Amino acid sequence: MSAPGYFAAAHPFTPIAFSAATAGLALLLPGDGVLLLAVLTAIAVTAGGAARAIRHGVLLVLPLAFFLVLLHGVLGDASTAGVPILGTAIDPAGLRYAAVQGARLLTMILATLTAAYTTDPARLLDAVSGRPALWRVVSLLLVTRDTVRRFRDRAGEIVDAQRARGLRLRGSPWRKVRALRPLLFPLLLSALVDSETRAIGLESRGLLTMRQRTPLAPRLDRWHDRLVRYAALAAVLAALAWRIAR
Amino acid sequence: MTLAFDDVSFRYPGAAAPALDHVSWQCEPGSITWLYHTPGAGASTALLLAAGIAPRRTGGTFHGTVQVPHSGEHAGALLLSPAATQLSGIAATVREEVAFTPAALGRPRAAILEAVDQALAAFGIESLAGRDPATLSGGETQRVLLAAAWALQAPLLLLDAPENALDQDGRDRLQALLRQEAARGAIVLIADTDPEVMAEVADHLVVLDQGRVVYDGAPDFFLAGDAPWTLGIGSTMVAELARAAQALAPDDPRFAAPSPWTIDGALARWGA
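If you're matching them up, the sequences are chains L and X in order.
Each residue of the first sequence is one higher than the one before, starting from 2 at the first, in this note's numbering.
Each residue of the second sequence is one higher than the one before, starting from 659 at the first, in this note's numbering.
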């Protein structure tokens, strides 16, 4: 089993700070800066042990990049300033604009995926134990994620139950539309009941208490973790100041 | 300090009839009180009232007094039915799930870890400690949430159908731990409809029917009589056997009332 990369091993605030700062810089920096930022982000993400974020990020951005190139590089002002290539006119300025916007999107997606892939929810919860208000925000996000999972499981159970009672889901579109009613009604009803009982269940477990929680596995906040976070904050502040002063 | 229900009435919002209708009873420290009930009699509601969740969370109209032994948040450990509704959904492992409430209350870390280890061992689920709670079976989930209630080491233990989905080993462990909790001076209040498990451990019985108390006293008098059958909730299998024997041979003195209702009682009566 390979060792976790830097981001996965770091204090949970570090990949989140990296992600937020990188997304902020992608919005604030000018064209050339964004292209450089995209390259640096890709290097940092790979070195930090989240290379799969690059694969998934590129796959996500590719369709968008295609349309950016099509709209700005080919269909833009190519008729007046275009360079003829393979029977069509390419607009270099439009192409550059498409590259910058694509890099902006790619950087933000890479940053978000890196935080998502390297942040362990349990460690993040432990890390915010000392901050009741923040703990509530993080825990409610995780409860929402769990609720979606429960809802999906419940939907599967209802589909199985209704099929066992003779409901046919295959066939004409009209048949499929008609099949929705016996599926949606019990699903919505059970969701309403479940949300009520879940609220009581979570209340009984102390989810909503405003006391300072005890972290079960306190995480060391190492000096280099703090350095990365302060550097991320400083970079965003500097970019913001430059943007305002310009 | 006792747990006392004094002339308590409670009606859920929009409900036609009250869930509890002028009920009173008292639970003493060191005792196990069993709420035996007909369906919809208000036993779960009584637990929510004792835990302070109703009417605060549920809404509804409340009259009377529920005196709890200790004030403050989570003075009592509560197990709901079905227990799975109490899974936090955010604990990554069973160990974290069991530690969830003590950690939420800010208990010292060393005390939490010790209590969690003891609770996992008590319910025989040490091997599940690293598992994701979302992947557990019904019986495993029941044990995990019972362990979570135990790990709180509260002076008040409120359990709704604790034997649900448990196998025989789980039931034996539950009975042993209920006795242990009572022995350390905790107040134990259990809503349950399984006389086979509860009759052996309860020393105080409160029977609820349609929101009213129809019996408050020692379990043996109620379980050996006709009332469980009149109410339609039944008694133990031994009591049912004795009742059948009595019907077959009404003049046989061996089957005369009061009937035995435990295996030990049957052996004492008919063993010779």
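Simulated from the structure, these hints should not be mistaken for lab results.
What you are looking at is a predicted structure, and each value in this text was computed from that prediction instead of being measured.
Even for Gly, the Cβ is constructed at its ideal location relative to N, Cα and C.
Careful, some of the hints might be misleading.
What the hints assert, rightly or not - Between beta-carbon pairs, the in silico distance windows are: (1) L:Leu72 x X:Gly796: 34 to 44 angstroms; (2) X:Ala779 x L:Ser196: 51 to 61 angstroms; (3) L:Pro5 x X:Asp874: 53 to 63 angstroms; (4) L:Ala156 x X:Gly796: 37 to 47 angstroms; (5) L:Thr145 x X:Gly875: 19 to 29 angstroms.
To be verified - To be clear about the criterion: a stretch of chain X counts as covered by chain L if any three or more of its residues have a C-beta under 8 angstroms from a C-beta of chain L, and this derived list gives those stretches: (6) 671-681; (7) 740-749; (8) 767-781; (9) 863-869.
Taking the hints in turn, this is what the structure says about them:
1. L:Leu72 x X:Gly796: 34 to 44 angstroms: With a Cβ separation near 55 angstroms, Leu72 (chain L) and Gly796 (chain X) fall outside 34 to 44 angstroms, so the hint is violated.
2. X:Ala779 x L:Ser196: 51 to 61 angstroms: Given range 51 to 61 angstroms: violated, Cβ gap about 35 angstroms.
3. L:Pro5 x X:Asp874: 53 to 63 angstroms: Holds - the Cβ-Cβ distance for Pro5 (chain L) and Asp874 (chain X), about 59 angstroms, lies within 53 to 63 angstroms.
4. L:Ala156 x X:Gly796: 37 to 47 angstroms: violated, 20 angstroms
5. L:Thr145 x X:Gly875: 19 to 29 angstroms: Roughly 48 angstroms apart at Cβ, these two residues miss the hinted range, so it is violated.
6. 671-681: Not satisfied, violated; 0 residues make the cut.
7. 740-749: holds (count 7)
8. 767-781: holds (count 3)
9. 863-869: Answer violated; 0 residues pass the 8 angstroms Cβ test.
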